[in-house]
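Novice: Protein chains in written order, with this note's numbering: chain A, 227 to 548; chain B, 227 to 548.
Simulated from the structure, these hints should not be mistaken for lab results. Mixed in with the good hints, there may be bad ones.
For chains that are exact copies, the list does not tell them apart, and a pair is met inside one copy or across any two.
[To be verified] DSS-like cross-link-like pairs, simulated, lysine-lysine; straight-line CA separation at most 30 Å: (1) LYS456 <-> LYS369; (2) LYS228 <-> LYS431; (3) LYS485 <-> LYS456; (4) LYS369 <-> LYS485; (5) LYS369 <-> LYS431; (6) LYS369 <-> LYS414; (7) LYS371 <-> LYS485; (8) LYS431 <-> LYS485; (9) LYS414 <-> LYS456; (10) LYS228 <-> LYS371; (11) LYS414 <-> LYS371; (12) LYS414 <-> LYS228; (13) LYS431 <-> LYS414; (14) LYS456 <-> LYS431.
There are 2 protein chains.
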Amino acid sequence: MKQILLHEVNGPLQLTDAVIQTCQAGEVVVDLRAAALNHRDVWIRQGQYARLQFPFVPGSDGAGFVEDQPVVINPGLQWGSNNNYQSESFQILGMPTNGTFAQKVVVPAEQIYPMPSHLSFEEAAAIPLAGVTAFRATVTQGKVKSTDRVLVTGIGGGVALWAMQFALASGAEVWVTSGNPDKLARAKSLGATGGFLYNDPDWIKVARQAGPIDLVIDGAGGNGLAQVMKICAPGGRIVSYGGTTGAIPQFSPQILFWKQLHLIGTTMGSPSDFSAMMDFINLHRIIPVVDRIFPLGACEQAYACMEEGRQFGKIVLQIPVE
Amino acid sequence: MKQILLHEVNGPLQLTDAVIQTCQAGEVVVDLRAAALNHRDVWIRQGQYARLQFPFVPGSDGAGFVEDQPVVINPGLQWGSNNNYQSESFQILGMPTNGTFAQKVVVPAEQIYPMPSHLSFEEAAAIPLAGVTAFRATVTQGKVKSTDRVLVTGIGGGVALWAMQFALASGAEVWVTSGNPDKLARAKSLGATGGFLYNDPDWIKVARQAGPIDLVIDGAGGNGLAQVMKICAPGGRIVSYGGTTGAIPQFSPQILFWKQLHLIGTTMGSPSDFSAMMDFINLHRIIPVVDRIFPLGACEQAYACMEEGRQFGKIVLQIPVE
Chain A
227 MKQILLHEVN GPLQLTDAVI QTCQAGEVVV DLRAAALNHR DVWIRQGQYA
277 RLQFPFVPGS DGAGFVEDQP VVINPGLQWG SNNNYQSESF QILGMPTNGT
327 FAQKVVVPAE QIYPMPSHLS FEEAAAIPLA GVTAFRATVT QGKVKSTDRV
377 LVTGIGGGVA LWAMQFALAS GAEVWVTSGN PDKLARAKSL GATGGFLYND
427 PDWIKVARQA GPIDLVIDGA GGNGLAQVMK ICAPGGRIVS YGGTTGAIPQ
477 FSPQILFWKQ LHLIGTTMGS PSDFSAMMDF INLHRIIPVV DRIFPLGACE
527 QAYACMEEGR QFGKIVLQIP VE
Chain B
227 MKQILLHEVN GPLQLTDAVI QTCQAGEVVV DLRAAALNHR DVWIRQGQYA
277 RLQFPFVPGS DGAGFVEDQP VVINPGLQWG SNNNYQSESF QILGMPTNGT
327 FAQKVVVPAE QIYPMPSHLS FEEAAAIPLA GVTAFRATVT QGKVKSTDRV
377 LVTGIGGGVA LWAMQFALAS GAEVWVTSGN PDKLARAKSL GATGGFLYND
427 PDWIKVARQA GPIDLVIDGA GGNGLAQVMK ICAPGGRIVS YGGTTGAIPQ
477 FSPQILFWKQ LHLIGTTMGS PSDFSAMMDF INLHRIIPVV DRIFPLGACE
527 QAYACMEEGR QFGKIVLQIP VE
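Using the sequences and the hints, build the whole thing.
Specialist: Okay, here's the thing in structure tokens:
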């Protein structure tokens with residue numbers, strides 16, 4: 227079979243031939259038809275993760291066949307028994323175990339979910355890691371309601387777009403932020419009520435006029451998150467799934483306690499989150515936002531595209547039939 | 227009747243004669259037997275509140291008689307209809323409305339609760355503001371469980387002591403912090419498993435050895451709260467009811483999302499919190515911790531005692547029968 231094998235930090239992403247590993251009891255082989263990139267893949271290649279173990283096949287997201295059944299893979303392995311947090315042995319498919327940037331991948335059978343019948347393989351591959359992170363953030367932890375005014379920061383990224391789609395399907399009013407006016411326009415075309423340019427120094431004043439925010443879904447942190455607290459409604463929930471812009475300087479307990487805000491940390495998702503998300507996607511027939519599709523052999527270009535950060539939606543790899 | 231009337235910022239707290247205000251429909255007159263101080267009273271006198279309206283009778287906490295019935299007053303007025311947060315018209319008895327440092331006070335009838343039969347007036351007066359703040363923090367928002375390891379910071383203050391007592395009555399294991407070894411010893415005598423001196427630069431290392439913390443009840447904020455996040459268990463809850471040591475410098479989203487922590491702001495309590503707290507105190511026959519009792523005429527000394535900050539428990543005023 228063909229696979230991408232990464233041998234070292236910043237190593238090449240070449241398509242090479244390999245023999246699929248042996249399947250153990252309780253495992254299945256997935257004949258992959260599509261995979262998708264996450265920031266995790268880029269950061270791992272750049273050496274930004276601890277305990278990297280080379281070589282390995284990267285990739286967490288994938289869809290394909292198990293025998294005749296189209297499936298999606300839940301890449302969260304060994305979550306553990308408590309839905310509130312992941313166990314210490316939690317890991318994500320695609321380092322240290324071999325991932326989805328290959329024609330085949332071996333995973334425990336319980337990681338496999340039927341693929342939604344309204345989606346292509348390329349769309350289904352856009353679900354797993356970003357989708358479950360967003361679902362846990364928005365639904366499980368954020369408890370989004372149809373009466374909520376929701377703010378999703380940094381629209382265009384995979385998690386942010388899924389969060390917007392889950393909130394919209396829940397009947398909530400959704401606002402977004404971006405540094406790029408085109409991304410705001412595209413979010414509006416998908417159902418967002420409006421958006422704010424976070425590089426406008428007055429964006430918080432503008433946002434305040436839209437009305438108080440009941441639920442924030444944020445992956446950036448930094449001073450932006452401190453600003454957002456100012457426009458939260460009393461009793462508002464802020465769900466944080468990332469900190470790409472770093473620590474929050476001068477975090478005020480006063481705003482937190484006087485407004486009775488809940489600041490909720492979340493990462494990835496449990497098997498229960500994944501299962502509920504698949505039901506939700508099927509029920510609402512949600513179609514993932516795919517930015518571009520590359521062939522598996524053009525993995526290098528796909529990574530470059532993600533590093534540029536201009537995408538609006540998932541970057542997908544089409545995998546040739548063996 | 228006798229009352230304490232404050233005419234200006236930093237004005238004297240002299241016992242003066244007055245005529246009780248007229249009772250409107252739906253209001254009751256409480257013949258007070260005991261009142262208690264809160265930091266709020268000291269801060270108001272120091273002019274640290276916005277929109278001060280002089281003159282007024284200070285005091286939020288009180289117990290006494292309505293006709294022949296011993297009662298406790300819920301000092302949270304006009305909370306509003308949503309249990310998740312206070313309305314914009316929420317206010318606390320004792321500025322702008324006349325408070326409990328008097329022989330009589332007029333309050334809406336719904337603010338009155340039967341006094342627990344196992345308590346004296348002096349003990350019952352120690353319940354209201356600190357008690358409901360701690361109950362909402364620990365039970366309503368913090369959802370304390372018998373299996374939790376709880377950390378209550380700044381033991382000795384009214385809210386912190388109530389939080390410890392509510393957590394202990396819930397069956398939880400309770401640890402405390404203080405800057406004073408005597409306060410740690412007294413907390414242990416009340417049932418705390420142990421304590422940490424927060425002015426020891428290595429206290430977090432020591433605390434880590436006690437095991438991960440499931441629930442933190444904190445009124446300080448500042449760098450201490452950032453440190454405490456490091457010893458929280460995955461899925462831990464941190465409830466913040468105050469920020470006496472200021473903002474948290476460099477608040478890390480990474481710890482928050484990776485550990486799936488919930489940082490929950492809370493202030494005061496709703497009528498539903500107050501009612502549930504009274505039931506809880508009756509059920510567990512909890513006795514409030516009273517530090518010292520002053521006669522109403524020695525209000526000046528009682529304020530001085532609170533400003534010193536050495537107390538362990540509530541500072542109570544005994545009110546002479548008219």
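Novice: Which numbered hints does this structure break?
Specialist: Numbers 2, 10, 12, in rising order.
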